[in-house]
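Visitor: Chains as they are written, first to last, in the working numbering: chain A, 1 to 315; chain B, 1001 to 1119.
The hints are simulated quantities; they were obtained by calculation from the structure and are not laboratory data. Treat the hints with care, as some may be off.
Stretch by stretch, here's where chain B covers chain A in the computed footprint (C-beta under 8 Å, at least three residues) [stated by the list, open to error]:
| # | stretch |
| --- | --- |
| 1 | 127-133 |
| 2 | 136-146 |
| 3 | 151-163 |
| 4 | 182-191 |
| 5 | 265-271 |
Glycine residues also receive a C-beta, built at the ideal position from the N, C-alpha and C atoms.
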Amino acid sequence: MTIGGVLLLYAIAVGVGGASWFRRAQWPARSPGLGIAAYLAAAWSALAALALAGVTLAVPTTALGGGLSNAIGACVRRLRAEYATPGGITFAVLGIAVAAALVLRVAGATIVQVSSMRRHARRQVALARLVGRPDPRLDALVVDDDQPTAFCIGGAQPTIVFTAAALEWLDPSQLEAVLAHERAHLAYRHHRLQAAARVLARTLPFVPLLRDAPDEIGRLVEMHADDAATRSHDRAVLATALVALATAPARPPALAVGATDAVARMRRLLTPPPPLTRRSRRAVSALVALLAVLPVVTAGIPALIALALGRVPPQ
Amino acid sequence: MARLWAAPEPLLVRDVLAALELERSLAYTTVMTVMDNLHRKGWLQRERNGRAWAYRPTRTQGEYTAELMREALSTSDDRGPALAQFVARMSPAEADLLRQALDEATAAPPKRSRKPRSS
Chain A
1 MTIGGVLLLY AIAVGVGGAS WFRRAQWPAR SPGLGIAAYL AAAWSALAAL ALAGVTLAVP
61 TTALGGGLSN AIGACVRRLR AEYATPGGIT FAVLGIAVAA ALVLRVAGAT IVQVSSMRRH
121 ARRQVALARL VGRPDPRLDA LVVDDDQPTA FCIGGAQPTI VFTAAALEWL DPSQLEAVLA
181 HERAHLAYRH HRLQAAARVL ARTLPFVPLL RDAPDEIGRL VEMHADDAAT RSHDRAVLAT
241 ALVALATAPA RPPALAVGAT DAVARMRRLL TPPPPLTRRS RRAVSALVAL LAVLPVVTAG
301 IPALIALALG RVPPQ
Chain B
1001 MARLWAAPEP LLVRDVLAAL ELERSLAYTT VMTVMDNLHR KGWLQRERNG RAWAYRPTRT
1061 QGEYTAELMR EALSTSDDRG PALAQFVARM SPAEADLLRQ ALDEATAAPP KRSRKPRSS
């Protein structure tokens, strides 16, 4: 089997199998930070493997082969043999097209996502400053509205907003706990992770792992912020604040979304799962590193073989 | 902005300055620059009043608040990923489910009272 095929199978395995594995996995809820890292690493890995599969298809029949062999000082014929693919030039063109399309899609989606995020955030902050009044005690803006809620806007001007109704609805300790949760979102720049997840979903919406990234990352950053908040605040207080704000009467009536997430978050706050042991944390970290480099290393294996064999002096 | 929202009709820069000077002293040009910026950004409309511009807010405070809240409570993607709500609101049926789950989870420890809305 050629290396391009191996990379393609790897991309499919991670992109499809990885999604259902993550959906079932229990450990990310125990260490949401590591969960986020692992998910993003896996998604990147699948994407990189797909692009590199395209590149390797083109190595044997194009100038790429000659250039690569010059660069590593290996024999061209040997290199071509190692990267051999059936189909010749057709596959080479196809491979390069796939790789280029992927790179362009990621670049395009990143530009669109970042500029739209900045534009929205700027307008939202301007609106919040316009209609809100600063509350020096909370270091947040308070907006006169009768729907109790709290939110934060990440970006160049990190902003936390409470509605006046939220201040009435929550007692002071609950308010502090919610504030700590929102501060964690801003401190850890969770909006960037969300943006990265959306770039992945935009790039290849038909790959389950990438398609689900915004939802999965969204769930995990909430847990991550909950954990940060409960380091200095009582878990039960944050849980009751969550229930109070989630169950407050909505106007217009809320659509049926997110209840399972809210229930899971509340249960997790009240009966926290044990954090991962040091050993499991190391294992997951190793997995993250492996996912990040595996496609590149795999794509490079034939070049290394050609390098080793090509350098053998002729008899 | 608050001064302009409170006023029933468009205000001249010197009207705003006079109102603000009750609280703190500001230069005429400072106020003029701020109002001109607000106009350029679309927050204020202006019309000729003799040789000066008279300004009024493009929309009411309530309309701006409604716009911000609509984005904050929205569950769709078009508000941009920068805004994160603490928890999404749910339908009454889901709310019952969540309250029930809370009651089950806190059956043993003392229950916190939820403060009713006072207004």
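Visitor: For each hint, tell me whether it holds in the structure or not.
Guide: So, going through the hints one by one against the coordinates:
no., hint, result
1, 127-133, "holds (count 4)"
2, 136-146, "holds (count 4)"
3, 151-163, "holds (count 7)"
4, 182-191, "holds (count 4)"
5, 265-271, "holds (count 5)"
The structure shown violates none of the earlier numbered hints.
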